[in-house]
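Residues in the sequence shown are numbered from 0 upward in steps of one, following numbering that gives the first Met the number 0.
Treat the hints with caution; some may be incorrect.
The calculated lysine-lysine pairs, modelled on DSS-like cross-linking and capped at a C-alpha distance of 27 Å, are [claimed, not checked]:
#, residue 1, residue 2
1, LYS136, LYS168
2, LYS114, LYS153
3, LYS214, LYS168
4, LYS214, LYS136
5, LYS184, LYS236
6, LYS153, LYS111
7, LYS111, LYS136
8, LYS236, LYS214
9, LYS136, LYS146
10, LYS189, LYS288
11, LYS63, LYS153
12, LYS214, LYS184
13, LYS271, LYS214
14, LYS168, LYS153
15, LYS271, LYS288
16, LYS65, LYS146
Here are the computed distance ranges between Cβ atoms for each label pair [stated by the list, open to error]:
#, residue 1, residue 2, range
17, ASN258, THR172, 48 to 56 Å
18, PHE104, LYS184, 32 to 40 Å
19, PHE187, SER115, 34 to 42 Å
20, ASP120, GLY307, 18 to 26 Å
21, SER286, ARG248, 19 to 27 Å
22, SER68, VAL157, 21 to 29 Å
23, ALA207, ASN249, 13 to 21 Å
24, ARG248, ASP155, 14 to 22 Å
No lab work stands behind these hints, which were simulated from the structure alone.
Think of the CB as a built atom: it goes at the ideal place given N, C-alpha and C, for glycine as much as any other residue.
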Amino acid sequence: MFSPSSRNHSQSSPYEVSRIKHGTSSHEIENPEEEALALFRRVLRMRPLPSVVRFNHLLGQISKTKHKSVVISLFNQMGLLGIMPDFFTLNILINCFCHLNHMGFSLCVLGKFVKSGYAPDTVTLNTLMNGFLLEGKVDEARECFCKMTKGGCKPDIVTYNSLLNGFCKVGDTTAAVQLFRNMEKDRFCKPNIVSYNTVINDLWRTQAAMELLCKMQDCGPLPNIRSYGILLDGLCKNGQLQETIELFRNTEEKKLPLNIVIYNILIGGMCKAGNLVAARDLFSQLSSKGLQPDARVYNTMISGLLDGGLIDEAINL
């Protein structure tokens, strides 16, 4: 239990108030976490107590560290001193409980939000949804999304993309595609490149993924190298070498910055199909493209050569 000492009731000096207000210290402290904690405890001793805004600033600083439970403890100390939380305090608290996998407590804080007359905002929604998704509770995240949006909370692109990723991770392609379609109808929150790549990554086994890429080229955000990488990987895994080569040529024509990851995907696909001539050709292109083969590329190429019975060539690579 926090109990102020006699010193706690003393008036802080103007210098100390200024230091706390601006988050500075009279000497350099190597550990910013310890500095924030020290400043917070100093603020608790100030008389009169500063506004909740100053406490929020320090709680926010500490919440960015691994010490989420410390934030909750400090919040309780604020309560003992009669410092009323505001909208920002409660959002910080929800974020900490979510990171600690205490979703029950997060929802209790949400209840406090409503009782205090605050309307949860997009930050609150995103924080709660991410908390559920971190625990793999996609249904709860969906329910949170539905309830809060019906209550007037406006989702943003982060909200949609988080839920999209959650659906895709649990293999609920139908829900992911439906949500994506809803985004397309939303005048204020159209799918961005992250949205497209997330869905393409889930649909790579189907023709729908290629159709989505074509849609991006026609009217959506232009596909980036990750978009092509996802599809190239899918085509290689499906053994669709001709389509792989055509798509690769398409990326070259568009002068996209091909990276070592793309080449590793292609070399692996060619080796898997037993086309060592094409694999060698791709490997030899690396230096002319300004790319340095990494361990993964060497391992992929060596494995392909060994599978093809070319032991000496694999050893000398």
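So, going through the hints one by one against the coordinates:
For the proposed pair LYS136 and LYS168, the alpha carbon gap of about 11 Å is at most 27 Å, so the pair holds. For the suggested pair LYS114 and LYS153, the alpha carbons sit about 20 Å apart, so the restraint of at most 27 Å is met. The straight-line distance between the Cα atoms of LYS214 and LYS168 is roughly 23 Å, inside the 27 Å bound, and the hint therefore holds. For the proposed pair LYS214 and LYS136, the alpha carbon gap of about 31 Å is over 27 Å, so the pair is violated.
A C-alpha spacing of about 33 Å is found between LYS184 and LYS236, which places the hinted pair above 27 Å, so the restraint is violated. At roughly 20 Å between alpha-carbon atoms, LYS153 and LYS111 fall within 27 Å of each other, so this suggested pair holds. For the hint pairing LYS111 with LYS136, the CA-to-CA distance comes to about 23 Å; that is within 27 Å, so the pair holds. With a C-alpha separation of about 23 Å, the suggested pairing of LYS236 with LYS214 holds against the 27 Å cut-off.
The straight-line distance between the Cα atoms of LYS136 and LYS146 is roughly 16 Å, inside the 27 Å bound, and the hint therefore holds. Annotation: proposed proximity of LYS189 to LYS288 is violated, straight-line Cα distance about 35 Å (limit 27 Å). Among the hinted pairs, LYS63 with LYS153 is consistent with the structure: their alpha-carbon atoms are about 25 Å apart, no more than 27 Å. The hinted pair formed by LYS214 and LYS184 meets the criterion: a straight-line CA distance of about 15 Å does not exceed 27 Å.
For the suggested pair LYS271 and LYS214, the alpha carbons sit about 30 Å apart, so the restraint of at most 27 Å is broken. A threshold of 27 Å between alpha carbons decides the hint, and for LYS168 with LYS153 the separation of about 24 Å falls inside it, so the pair holds. In summary, the hint linking LYS271 to LYS288 is supported, as the alpha carbons are separated by about 23 Å, within the 27 Å threshold. Between LYS65 and LYS146, the direct Cα distance comes to roughly 30 Å. Violation of the 27 Å bound is thereby established for this hinted pair.
Checked against the given bound of 48 to 56 Å, the beta carbons of ASN258 and THR172, roughly 28 Å apart, lie outside it. Restraint check, PHE104 to LYS184: a C-beta distance of roughly 35 Å satisfies the suggested window 32 to 40 Å. Distance hint check: the CB atoms of PHE187 and SER115 are about 28 Å apart, inconsistent with the given range 34 to 42 Å. With their beta carbons about 59 Å apart, ASP120 and GLY307 fall outside the hinted range of 18 to 26 Å.
Taking 19 to 27 Å as the suggested C-beta distance range, the pair SER286 and ARG248 conforms, at roughly 20 Å. Taking 21 to 29 Å as the suggested C-beta distance range, the pair SER68 and VAL157 conforms, at roughly 25 Å. Distance hint check for ALA207 and ASN249: the Cβ-Cβ separation is about 18 Å, which falls inside the suggested range of 13 to 21 Å. Distance hint check: the CB atoms of ARG248 and ASP155 are about 37 Å apart, inconsistent with the given range 14 to 22 Å.
In terms of the numbered hints stated before, the structure departs from hints 4, 5, 10, 13, 16, 17, 19, 20 and 24, listed from lowest to highest.
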